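Participant: Okay, here's what each chain looks like letter by letter:
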Amino acid sequence: MQHQDAFYIGYLPKAPKNMAGLLKIVIATIALLMIFVASMVVVNEEKFDESTFEYGRLTELKGVVSKHPVPMLKVAMGTNPEGQTVYRSFVLVNFGKMGAYELVDELAAKMDEPLDRYEVTVRGTLIYFDGKTLLELTNRSASFLGHSMRNSPGPVSNSVTIDEAASLEGEIIDPKCYFGVMKPGFGKVHRSCAVRCISGGIPPVLMMKNKTGSRTYVLLTDFDWQPVNRKILDKIGKGVRVSGSLQKVDDWHVLKLNEATPVALLNDPINLAKNTDALWAMRDNHKATTCPYHLESAINLCR
Amino acid sequence: MAHQYVPVLWNRQKKRYDLFVFIGIILYLLTFVALTAVLKPNITAEALVVRATGSLAVLMLHIILAIGPLSRLDTRFLPLLYNRRHLGVTMFVVAFAHGGFSIVQFHALGDANPFVSIFISNPEYGTLVHFPFQTLGFFALIIFYLMAATSHDFWLVNLGPKFWKAMHMMVYIAYALVIMHVALGIAQSEPEPIMLGLLGIGLFTIISLHVIAAFREAKNDREGSLNQQGYVYVGAVDQIPENEAVTININGEKIAIFKFEGKLSAVSNVCRHQNGPLGEGKIIDGCITCPWHGYQYLPHNGCSPPPFSEKVETFDVILEGDKIYVHPKPYEPGTERPPAVIGAQ
Amino acid sequence: MTSLLRKRHRQIWTVTGLIIPVLFLLAIFNVPDFPYNDLPLSQRPVEYESVTFRKNTDIYDLELGKMEDGSQGITVMLKKAFNSPAVGFYASDSGDMHGAKFLFAVEGPNVYTAQLTHGTPGNIVVYDRVHKKMLESINITQ
Numbered sequence: 001m002q003h004q005d006a007f008y009i010g011y012l013p014k015a016p017k018n019m020a021g022l023l024k025i026v027i028a029t030i031a032l033l034m035i036f037v038a039s040m041v042v043v044n045e046e047k048f049d050e051s052t053f054e055y056g057r058l059t060e061l062k063g064v065v066s067k068h069p070v071p072m073l074k075v076a077m078g079t080n081p082e083g084q085t086v087y088r089s090f091v092l093v094n095f096g097k098m099g100a101y102e103l104v105d106e107l108a109a110k111m112d113e114p115l116d117r118y119e120v121t122v123r124g125t126l127i128y129f130d131g132k133t134l135l136e137l138t139n140r141s142a143s144f145l146g147h148s149m150r151n152s153p154g155p156v157s158n159s160v161t162i163d164e165a166a167s168l169e170g171e172i173i174d175p176k177c178y179f180g181v182m183k184p185g186f187g188k189v190h191r192s193c194a195v196r197c198i199s200g201g202i203p204p205v206l207m208m209k210n211k212t213g214s215r216t217y218v219l220l221t222d223f224d225w226q227p228v229n230r231k232i233l234d235k236i237g238k239g240v241r242v243s244g245s246l247q248k249v250d251d252w253h254v255l256k257l258n259e260a261t262p263v264a265l266l267n268d269p270i271n272l273a274k275n276t277d278a279l280w281a282m283r284d285n286h287k288a289t290t291c292p293y294h295l296e297s298a299i300n301l302c303r
Numbered sequence: 304m305a306h307q308y309v310p311v312l313w314n315r316q317k318k319r320y321d322l323f324v325f326i327g328i329i330l331y332l333l334t335f336v337a338l339t340a341v342l343k344p345n346i347t348a349e350a351l352v353v354r355a356t357g358s359l360a361v362l363m364l365h366i367i368l369a370i371g372p373l374s375r376l377d378t379r380f381l382p383l384l385y386n387r388r389h390l391g392v393t394m395f396v397v398a399f400a401h402g403g404f405s406i407v408q409f410h411a412l413g414d415a416n417p418f419v420s421i422f423i424s425n426p427e428y429g430t431l432v433h434f435p436f437q438t439l440g441f442f443a444l445i446i447f448y449l450m451a452a453t454s455h456d457f458w459l460v461n462l463g464p465k466f467w468k469a470m471h472m473m474v475y476i477a478y479a480l481v482i483m484h485v486a487l488g489i490a491q492s493e494p495e496p497i498m499l500g501l502l503g504i505g506l507f508t509i510i511s512l513h514v515i516a517a518f519r520e521a522k523n524d525r526e527g528s529l530n531q532q533g534y535v536y537v538g539a540v541d542q543i544p545e546n547e548a549v550t551i552n553i554n555g556e557k558i559a560i561f562k563f564e565g566k567l568s569a570v571s572n573v574c575r576h577q578n579g580p581l582g583e584g585k586i587i588d589g590c591i592t593c594p595w596h597g598y599q600y601l602p603h604n605g606c607s608p609p610p611f612s613e614k615v616e617t618f619d620v621i622l623e624g625d626k627i628y629v630h631p632k633p634y635e636p637g638t639e640r641p642p643a644v645i646g647a648q
Numbered sequence: 649m650t651s652l653l654r655k656r657h658r659q660i661w662t663v664t665g666l667i668i669p670v671l672f673l674l675a676i677f678n679v680p681d682f683p684y685n686d687l688p689l690s691q692r693p694v695e696y697e698s699v700t701f702r703k704n705t706d707i708y709d710l711e712l713g714k715m716e717d718g719s720q721g722i723t724v725m726l727k728k729a730f731n732s733p734a735v736g737f738y739a740s741d742s743g744d745m746h747g748a749k750f751l752f753a754v755e756g757p758n759v760y761t762a763q764l765t766h767g768t769p770g771n772i773v774v775y776d777r778v779h780k781k782m783l784e785s786i787n788i789t790q
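Chains as they are written, first to last, in my numbering: chain A, 1 to 303; chain B, 304 to 648; chain C, 649 to 790.
Just so you know, these hints were derived from the structure itself, not from any lab. Careful: at least some of the hints might be erroneous.
To be verified - Pairs of lysine to aspartate or glutamate residues, derived as DMTMM-like cross-links and limited to a Cα-Cα distance of at most 20 Å, are as follows:
#, chain 1, residue 1, chain 2, residue 2
1, B, K465, B, E556
2, C, K781, A, E60
3, B, K343, A, D116
4, A, K248, A, D222
5, B, K468, B, E349
6, A, K248, A, E164
7, A, K24, B, D377
8, C, K655, B, E520
9, B, K343, A, E82
10, A, K62, A, D116
11, A, K24, B, D321
12, A, K209, B, E493
13, A, K211, C, D776
14, A, K211, B, E495
15, A, K47, B, E349
16, C, K749, C, D776
17, B, K343, A, E46
18, C, K728, A, E60
19, A, K248, C, D686
20, A, K47, B, E556
21, A, K211, B, E349
22, A, K211, C, E695
23, B, K614, B, D377
24, B, K614, B, E556
25, A, K62, A, D250
26, C, K780, A, E60
27, C, K780, A, E164
28, C, K727, A, E164
29, C, K655, B, E556
30, A, K67, A, D116
31, B, K566, B, D619
32, C, K728, A, D49
33, B, K343, A, E50
34, C, K714, A, E82
35, C, K781, A, E54
36, A, K47, C, D776
37, A, K209, C, D686
38, C, K728, A, E164
39, A, K231, B, E427
Being a predicted model, the structure only gives us computed values, none of them experimental.
Excised from the complex, chain A in its bound form (with noise of 0.2 Å):
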């Protein structure tokens, strides 16, 4: 046992002199490691995405609500130098971690004729990143407005299929976290809250990545176009390959998955040559034509 001339005794004024010497170094040591690991844990941790979620601030828009392939609001944007009407589709998400379903089951049920014949406006908070935008209905039903007959009632929406026998890989995510309202929206440490997102019916999103950073994105049906929700909850959040036939339906690409395996987890990194065939199809254009276009250049685009 140390033999001291010193002896603590906690409430007394103060501390013998010895101790005070060791003790303002031991203060000095931790006020440094204070500054110190929250500078490496800053500096360190992975920047985050540039997405946003306008919070607070609720956006009217003017558009063609519709649950094809899940619930969208199509906003037209123009019409193109060939005389099309060109829609920009605003997937709708409900307030909290909820999808739009049933408040656009609702909407459909107090109309007289279907979605398509109507202009609705509405209103709600914009989620945007990487080219995708969502439109959370904040106020619930209360965010439809109002309606109005379509002046040109034809088809709003356009759809493709670019490939029967696709095979994907990515990362299954909920894509109201993803493009604006959770940073991370991906990845482990997000999955639970992906897993409540995508149980209560937000539409799942296959997030595709390549090594330069850049991010295609790929709703995600069954086959017949229905919510695939409940079937795919213990696959989110992980590297996987879904298997299905490739749509495009206007600006958002598609995947009716299959009946048998439709996602499998993936153990082992990719092989990166095994899915060339399939993303070349990946184009506006759906006639079959040789592709002179070059992986280079691709990733001179990519940042």
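Model the placement of chains B and C on the given structure of chain A, informed by the hints.
Facilitator: What follows is chains B and C alone, placed relative to chain A:
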């Protein structure tokens, strides 16, 4: 040494201690927030709170766990031990901010009860890397809550020191849970070598400190064996510094023999407060003073001086020449026993 | 610290001190890799017979050019999405949205093309249709 219970027995040392803890926390959070604003401005407010409080709580836990073995290795660290409870409760508050925010952020406003969701949203209990790390954090937080809620001496007395200490030993289980919560959580999303390296250094430091302290303590433990008339030889009178003690372990009974004012008295080595080592204390103003929190006992009868009521067991001690012998049979706590007088035959 | 307490510490730390470092190392050295892909683009870039205007920025590479059949076209190779909810490119003589003609909507990194059926405009305007905000007005000088 309360004979009535107050929330905190403030004194100058405790106030200074808590002030330094508060300053340390502010220093950490300010550094974190300022650097984030400059380097990672795209973060959300919720992610900032979760990460700042989580990382701070882990750092505080490491400091707390280092205090125990450091104090065993060098008694100059005892001032850090003195108010460790306040530090622990503060760490719980920071951890609660982290856990509470996370539960709301990741589990609320969905289609399931948030507390149920913690356990079922990612039920991969049979795997390692997919293991639900939030469950681990949840149980660690429960342990910290139980410790914080029972940190007051009121609970120490009413639950009994043995049960209370056993419950507070769960801090080591909580520590293991926290390490795995990080390794199976954020480390899976962002396996940054520097951050994991820091945590690895922390883990290695805590384990090493405990192992080193254990070996040093083992060397100091002296076993006695029964001798003539049931007495056990302790050592020579000169071996005991004035106003200090030597300790001996006889069949599990730890006894401290104090030398003061030309006399020797023997009492139980175990302080009634938190089982501190009385034999490592000193005699101050005629009282044996525990090195941990300053609890006091009179050497000739093991009683705390009035108005306090704690008592420890006493033992018979005799001198033969300059050889000290102690009888291992304890008397009831508070029993007065005559001290051995040095020089008398 | 009593001998019983020391014994408990020894037991706990023997278990913890051996198991936790092993689990810790296993966890951090088995983080699954993300399945990276080579992402294709949806559109092929248009090869112009002659390029009449070019502008390169961090966000896009823009080209105006003449096709083989003499028609004018515009191609934007978007490298990084605009931080806006719905962005369109418009042909405008005035330099703002007055009389602007919609060309195409842009989303993520991709190639976007359109024919300039009304001749070469004086400006190309980049406009956020939701926030009704002009993001850029590009003067096309001959």
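Participant: Could you work out which of the previously given hints the structure breaks and list their numbers from low to high?
Facilitator: 3, 5, 9, 13, 18, 20, 21, 22, 23, 27, 28, 36 and 38
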